[in-house]
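Now for the letters of each chain:
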Amino acid sequence: MTDIADTKIDPNWAWQAYHPSEKAPWDMRRVGHLYRRAAFGAAVGELEKALKDGPEKTIESLLQGGPKQEEYDQVSQQMERSIADSNNGVQLRAWWLHRMLYSPHPLQEKMTLFWHNHFATSNAKVQNARFMLGQYDLMCQYALGDFSALLSKMSRNPAMLIWLDGRDSKKGNANENYGRELMELFSLGIGHYSENDVREAARAFTGWEIKDNAALFNTSRHDDGEKTVLGQTGKWKGDDIVRICLEQKSAPGFIAAKLYRFLVSEDGAPELIEPLAEQFRKSGYDFGALVKTVLSSNLFFSDQAYRKRIKSPVDFALGIIRGLEGHIGTSALVPVLEQLGQNVFYPPSVKGWDGGPTWLNGQTLLFRQNLALALTSTEDPRFSARTDPAALALKVHKKTDDEVLDFLLTLFLQNDVPDESRARLREYQQHAHKQTAPVYWTEEEAADHRVRALCHLVLTLPEYQLS
Amino acid sequence: MSQNRRDFLKLTSAGVTALGLNMPAFLSRAAALAPASDKPGGKDTILVVVEFTGGNDGLNMVVPYNDDNYKKARPTLAISASQVKKINDQIGLHPGMDGLAELLQDNALCVLQGVGYPTPTESHFRAMDIWQTAAPDDTLTEGWIGNALKHMPATPSFHLKTSNEKSPLAMEGAPVRVPSISTLEEFQLQTAAANGADKKNQREVIEGAVKPKAGAGLLQFVEKTAADTYASSRRLQEIGKNYQPKATYPNTPLATRLKLAAQLIDADLGARIFYVSIDGFDTHAAQATAHANLMTQVSGAMTAFFKDLAARGHRDRILMMTFSEFGRRVKENGSKGTDHGTAAPMLLVGGKVKAGPVGKHPDLADLNMGNLKYGTDFRRVYATILDQWLGVSSKDVLGGKYEPVEILKG
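Quick mapping for you: the protein sequence lines, in order, are chains A and B.
Residues 5 to 471, numbered by this note's numbering, are exactly what the first sequence covers, in order.
Residues 2 to 411, numbered by this note's numbering, are exactly what the second sequence covers, in order.
To be clear, the hints were calculated from the coordinates, so they are not data collected in a lab.
All C-beta atoms, glycine included, are put in the ideal place defined by N, C-alpha and C.
A couple of the hints might just be wrong.
To be verified - Quick list of simulated restraints, FRET-style, between CB atoms:
no., chain 1, residue 1, chain 2, residue 2, range
1, A, Asn222, B, Thr140, 24 to 30 Å
2, B, Ala366, A, Arg386, 55 to 61 Å
3, A, His331, B, Lys212, 35 to 41 Å
4, B, Ala217, A, Gly58, 33 to 39 Å
From just these sequences and the hints, can you work out the full model?
Spelled out as structure tokens, the structure:
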């Protein structure tokens, strides 16, 4: 994409709504890009529909979610109750992966994952599926909503009260863990508060307990004295501290920069964050509106964003399954994602996942390529034929070598690969025809095998590691 | 405005640093970048943990052969002065440990005596959890090695398992799950090929797509990582076929797995932590033969592994550490076996260990409910290894400060 020069980007232009033009047409590349960032990849039908609908309508439908959400949620909630009752950590993870793959509202799941990385609570410490699900529900409800409400409710969320020791915090013996992370990781960033602010804030959060699976405010454990936090003095309670934090100049920019990294690029210029921060502040922390601005923007559809992120393990694995229109049991994905380094509900630390280039090393890249094989070969017992490129090619009537190659490259990479790579794949197809297949294969089986092998090769292209 | 600028820089600096530094570091270990292993925090030191599962009888591994209390407590199991491999005039190694005795002569074996912790449990499961999490007072779900790996970004590590063995709790919590493998094939780039020629073609496509060019972009980063990955995968394949050990590995499961570790080390993947375990130490009855077998296996496998790697020039990069969830009761039981106990010795093998015995042998006349009292808290050993060998702050990993033990040469 060469719609903008390498020179400095005009921040006004950056966040104005993108309108297709000759230089920046609404093409498959932009559609694929949108579905990688705002969802977990897409099936060919979704890509084609979006291409026809245009950006505005497509983004709107991503923000609203598709039909039959209520029906899906009803079934999902039944599962949720049973996982909470059995406190089953594997099912807990499989359940969310199912939502990411099959919920009619993938953007909501994607942004819930954003908040999960932000509040980074691990069941390794919480050890309670019910509370983890409760926190999930909270983040999902506000995934595209009011950040100040989310932050305020998070401060008394049972999983959080365990994760950052709020339930052990009482008058005269305040635990500073939550007060510190609220400022350092959840709202302001390091350098924008003093150690004394942390101590005083911790006093304001005293008194919360967990009773009968819910947070309970115990007045007798609360320190109701005066506290001075970030220059404001009063008999503050937790909600006051959240309000005070969000009144700070650094708060909107801190969240906006994190969203920028999540949706736009691993790298970016601060002057581009400022207009976003300003909008976020003016809107009273309307996060959904902020997401909409970013997804609709010129910058989002420019080469400043295109393939400017490394796919997370979730994006990598789920993108293949969605592309292949697979219907899998998601518990098979739980150990896979753990192996790739993104074990949802179990982030590695309070900072969440470092992400970016740290996703990839000699182990994880190898496991990604071997996972791509497991998902395309139909011979892996975990996924068997439920994700089958050959069946998909048949369904969309792609038969000749050219048709199949073009289809797979469009589906997964929107045909944006170096000519050399395409030529090499083409050459492989020709070789493959000449291979002697095992004698017990029918001709049809040999043809299917060629499609599956080709699909695996397409997924191992380095471009596929980029989002 | 400047605040926003600073925020943003902070947010992205981790990624930018990783872009710049991660690339050369993790697969093809760039010797120039890696500090020498004799410096604290050396970046290419290797730790191999050997778990003795079931509760090893430390008294018959490091034998106080001159102690009358020992002979009295072990009427049928005591090992005599003439049988032991003498360490000094008080203690000696189990007679089956001739290999390790040789390593002692070679200044590559440290015998750390009387290791334990306050208020020990005699439950296998709880005790094993305590050793693996380094937390006698808490129930944790993450282990000490997993926590250490959080501070060792992009460092591959391996659990070498027998067929059905679960990944050890010690390695839980690592930012990237530590793979449990039992063959080299599991760590190779796989294809679903119709035949050998097809496989070759497929690998050519996969590897041909990667042509790292100069530059700092994300695609270049992916290509560099992929090129390194494929190269080491190929190297492993070659090594699997052609590996010529420079020492004779006994034909035992433990030796086979340690040989696998040696291959992974020699393939230069940058892996730094290996974990292997050997079961069968719960010797409640007819201990003598069973324990002798185990001692022979342990000694043979560890010795072969060390000699093999030493001959390949890795002598000073290797540190092996043994542990068991507990030792055994001093007095033998009526079935010519021993029941669960407490403190026990740990063995450390490597080119940089302080050779010989370290710490005092527990006093057999001063027991607690028939059990040995510990002299060295095992968390001090972990802390020493973390700080002085792996170059990771033990305070961050263990959540407390522990006095170092003199197990490594200064």
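Structure-based check of each hint:
1. A:Asn222 x B:Thr140: 24 to 30 Å: 26 Å, holds
2. B:Ala366 x A:Arg386: 55 to 61 Å: Once the Cβ atoms are compared, 58 Å apart, the range 55 to 61 Å for Arg386 of chain A and Ala366 of chain B holds.
3. A:His331 x B:Lys212: 35 to 41 Å: Roughly 37 Å apart at Cβ, these two residues keep to the hinted range, so it holds.
4. B:Ala217 x A:Gly58: 33 to 39 Å: 35 Å, holds
Hint compliance for this structure: every hint is met.
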